[in-house]
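In the order they appear, the protein sequences are chains A and B.
Going by this note's numbering, the first sequence opens with residue 1, and the numbers climb by one from there.
Going by this note's numbering, the second sequence opens with residue 1, and the numbers climb by one from there.
Source of the hints: derived by calculation from the structure; they are not laboratory data.
Heads up, a few of these hints could be off.
For the chain A half of the interface with chain B, some residues (derived, Cβ under 10 Å), not all of them [what the hints assert, rightly or not]:
1. ILE10
2. THR13
3. GLN87
Yeah, the Cβ is synthetic: ideal placement off N, Cα and C, and Gly gets one too.
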Amino acid sequence: MIVPMEHLLILATLLFALGLGCVLVRRNLIMILIGVEIMINSAGLVLVGASAFWQQVDGQIMVLILMAITAAEVAIGLALVVYLHQQKKSIDVGIFDEMRG
Amino acid sequence: MNLESLHSLLPQILLALGSTAILLGGAWVRNRRLWLIVGALVAVVAALVAAFVDPARIDILGMYSATAYARFCTVLWCLTVAATLLISCRYVDLFRFGGGEYASLMLFAAAGMSLLSSATSFVGLFLGLEVLTLALYVLIAFRQGDSRGAEAGMKYLVFGAVATAFLAFGIALIYAATGTFNLEAAAAGLQTEEGLRPLGLAGWALLLVAIGFKISLVPFHLWTPDVYQGAPAPVSGLLATAAKGAVLAAFLPLLVMTGEGVADIRNVLWLLAIATMLVGTFAALPQTNIKRMLAYSSVVHMGYLLIALIVAGDEGSRALLFYMVVYTLATFGAFGIVTTFADENGEIQEYDDLRGLATLHPRRSAMLSVFLLSLTGIPPLAGFFAKFGLFQAAFRGGYAELAVVGVIASIISVYYYLRPIIALYSPEPAVVCREVAAQSETLVLVGCAAIILFLGVYPAPLLTLVGLVIP
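This is chain B alone, in the form it adopts within the complex (with noise of 0.2 Å):
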C-alpha cells in the first residue's frame, strides 16, 4: 500500500473516513437534520472527486481498479445515497431515528458499494460486498419498535448470511480449481480442458447462487416483498436500486469477455432471465400494497438487465448501463413518493389507502405517475428508451426469444403500474395524510422526474457517457 493506491481510493476513504466522523461526532451533537446533511455532503464530495480527481494507478493493489467504468459506478451510487440522506430529512425526525448512526451507516452502505463495482478480484468482491450487506441488516431493522420492521431485518439476515456462506465456498472452490483470485484469470481459467474444470463450474454455480439471492432473481427473490415492505421506505429505495446495482456492475466487466467458460455461465444466465421476468410478472399482478409491487417490479427490472448481461459486448453494456441509471431514478423516485406520504402513523401503502390523494397532493401524486410510467416504458419518458436499448441490443446479439419474452413482460406489466395510478385519481376524498413535502424531499423528487422527463426527449447526453465509460 502506496501513497498513488490510496490517491486512487481516495473516493472510498472519503466515505470510510466520513462514514466513522459522523459516527463520532453523532455521540456529541444530537441534530438528525444535521448530520444528514453532513452526510449528504460528504457523499456527494466523495462523487466529485471520483469525477474529476484523475486516479494516480489504475489497478489497486491487484483487488480494486479505478478504471473510467469503476469510477462511473462510485458515482451512480454515491449521488444515490446523498439523495436517500435528503429524502430521509423529515422521515427522520417522524421516527426518531439516530441521525448520526443512520447517516453514517448509508455513507458505509456507498463504500461498500464502491468498492463492490470496482473489485478486480474475489477478495475486493466478497470485502465490498459485506461491508454493504452488514450496513444494510441495521438499516432495514432501523425503525425502533416497529414489529415489521424487525420482522424485515431477520429475514434479510437469514438470507444475506446464507448468501455470503455460499458466495465464500463458490469462491473457495473457483480458488481450488483455478489458483487464482483474479476474477478475469479466473474466469479464463475456466476455458481449459483440465480435470479442475467440474470444480470450477460447481463455484461459479454457488457464485450465481449468491448473485441470485443478492439482487433477487427467481427462485431465489423470496425475500425481497417482505424485506421492502418492513424496510424504512428510504431504505427500500437504496435496496433496490444501488444496492442492487452495484452487484451487477461487479460482474458486467466480467461477462463482456467471451469463451466457452463463460458460455456455461451464460447458459444458466438465460434460463434465469426467462424464470425471473416471467415469475416477476405474475407475482406482481395481484399485490395490493405499493411497496410490495415494487419489490417484485425490481425483481422483472433484474431480468431485463440480466438479457443485456448475457448479450454482452459493446451494445450489451451500454444498454445495461443506460437502463441502470433510468431504472434507478425510476424507483428511487417512487419509493422516495411513499417515504414523503409517511405521517407519525406510518407509511402509506395500500392501495386503498392511496385513493383520493392526488386532489390533495397532485404534486407528488403526477410525479409518482411519472416514475411508474417510466418503469413501464412509456414513450415521451426515459424508461421507453432505456427498454428500446435493451430489447434491440437483444434482438442484434441473436437473443431474440429474450426481447420478446421481456416485451411480454413489459406489456402485462401496465397492468399493475397502472393500478396506483387509478387509486390515486379515483374521485374519492382522500382519508389520510395531510403532511406536507419537507423541501429536502421535493427537491430530490423533482430533480430525479426532471431527469427522467429529459432523457425521455434527448437520452444522447447520457448515451455518450455511457458510451465513454463501459469497460
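Okay, chain A solo, but in the shape it has when bound (with noise of 0.2 Å):
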C-alpha cells in the first residue's frame, strides 16, 4: 500500500463524522439523505483500503454492492421525500410531529 492504513482509517472515521454530524445538524430531508450518503461512502473508502491492505478483492466486490444497494436506497429515499412534499408542502423534518407520547 502506498497509503499507509491508519491514515486511511484516520480520514474514514472524519468523513464518517462529518457526515453524521450533518444528519444530526441539518434540518432539511435533502441535506440529511446527503449526510448519509458521506457515511456510506466513508465505509466504501474502508472497505477499498483494507482490500489492498489484505491483498484480497473481496472488499473491492464489497464496495460494488454497497454503491448498488445505496443508488436503491437513494432512489426510494428521494421517492419518499416528493410524496412528502407533495403532502406538506415541506422537506423541514421539524413539521413532522403529529404524533408524541
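Hints are included, so try docking the two chains, each in its own frame, into the full complex.
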C-alpha cells in the first residue's frame, strides 16, 4: 500500500463523523440523505483500503454491492421526499411532529 | 453460481420471482384481492418448499446457508407474510391500496427476511437487511394522503438510512481488522490479541448500534412508537414481528459460540437488555393508544429475547426460538385485531374508542384479550411457557439478575396490557366501528388464537421442533 492504513482509517472516520454531524444538525430531508451518503461512502473507503491491505478482492466487490444498494436506497428515499413534499409542502423534518408521547 | 446453489436458494428465488410477477401482472389486472391471494399462495408455496425440499448443499457461495435453522426461519417469515397478506384483504379495499404493489413488496420483504436469517457472511447479511428495509420504507407510507403515514415513513427512512450507514461502516471496520466477511471467522478473529483487535471491537460496536436501531433496543428505540402508530396496522404487525425476528435470528448462530471476543460483546448486550426492559416498561405505562402501547411492548419483548441471546448455548437458543414464535403469534394477532376494527374513518387506536366494543364484537374482543394476556404471560396461554423457559434458561446460565429484572418487568406489564382489555369490556355503549370482519381476517386470527391456546396447554410439539433446528 502506498498510503498507510492509519491515515486511511483516520480520513474515513473523519468523513463518517462529518456525515453523522450533517444528519444530526441539518433539518432539510435532502441534506440528511446527503449526510447518510457521506457516511456510507466513508465505509466504502475503508473497504477499498482494507482490500488492498489484505491483498484480497472481497472488499472491492463489497464496495460495488454497497454502491448498488445505496443507489436503490437513494431512489426510494428521494421518491419519499417528493411524496412528503406533496403532502406537507415542505421537506423540513421539524414539521413532522403530529405523533408524540 | 451453479444449479445446486440455485436449488438450495429455491424458497428465496420463488419469493423474488413471485414478487416480480405480481408487480408485472398488477399493471394489467387491477384486482386487489386477487393479487393478495396470489401473494399469500406464493409465500405459502415458498414455506412448503423450505420445509419439505431438501437443499442440494448447505453452504451457498459462502454467503448463505440452507441449514435446518435457516429453513425454519424462512418458513416462519413466509407464513407471517402470508398471514399479513390475508388479513389485509378488507384493509386494502378500504384505503384503496394498489393490490399488486402491496403484495409484491410484502413478498420482497419476505425474501429479504429469509436471506437475512440464513446469512453466513456480512455481504449476505447486508444484502438481506437492505432488501427488507427498502421494501418496508414504501410499505410504511403506503396509505396515500394519510399525513401520519407520511410522517412514519419519513421517520423510518431517516433512522433506517442512518442504521444502514452504521452497519456498512461497522462491517468495513471488522473487515479491516480480520480480513474476512465470514461471520464466524470474523467473530473468531476477535479473539486473537493483536494490534487490530480494537479496530474489530469498534466495528462490532457500530454493528450493535445498527442492530439496536433495527430491533429497537433502548436507547435506539425512539422511532418505534411513531412508526408503528403511523404505519398501516398490518404493516406494523409485520414490522413488530418478522422484521425484528429476522435480525435477531441472524445473530443467534453467532452468539452460540463462546469465546473471549464474544464475551466483550455479551457485556454490552447485558447492559442493553436491562435498559431495554426497564425503559420500555415504564414508557408503556402511560400510553393511551393501543398501537403505541404495542410498540413499547415490542421494545420490552426484544429485551427479553436479548436475555436468551446472552445466555446462548442450547438452552438459550431453544428458549429464544420458542419465545420468538409465541411472541410473533400474539403480537401479530393483536395488530390483526386492530386491522379488523378499521373502517373508512381510519383505524381505532385510542383506548377511549375501544370502550364497550366487547358488546358489539364479542369474538374479536375475546381474541384480542387472549393475545394481550399471552404477551403478559398469564398461565394457560403460550406466553407463560415462553417466559418460563426464557427466565429458567437465564437462571441456569448464571444470569439470575437478568431474569429478576425480566420478571419485574413482566409483573409491571400486567398494568398496560390490561388497560385496553378493561376498556373493551367496560359497560358503556360503543359509539364506533360497526364493520364486520372479512372471512380471511377471521380465519387468520382464529388460527393465531387457537395455536396460542394449544401451545399453552401442550407446548411439546413446538419445543421438539425448536430442539431439532437449533444451530
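Hint check results:
1. ILE10: Violated: closest Cβ of chain B sits about 12 Å from A:ILE10, beyond 10 Å.
2. THR13: Given a least distance of 9 Å, the restraint on A:THR13 holds.
3. GLN87: Because about 5 Å separates A:GLN87 from the closest Cβ in chain B, which is inside the 10 Å limit, the hint holds.
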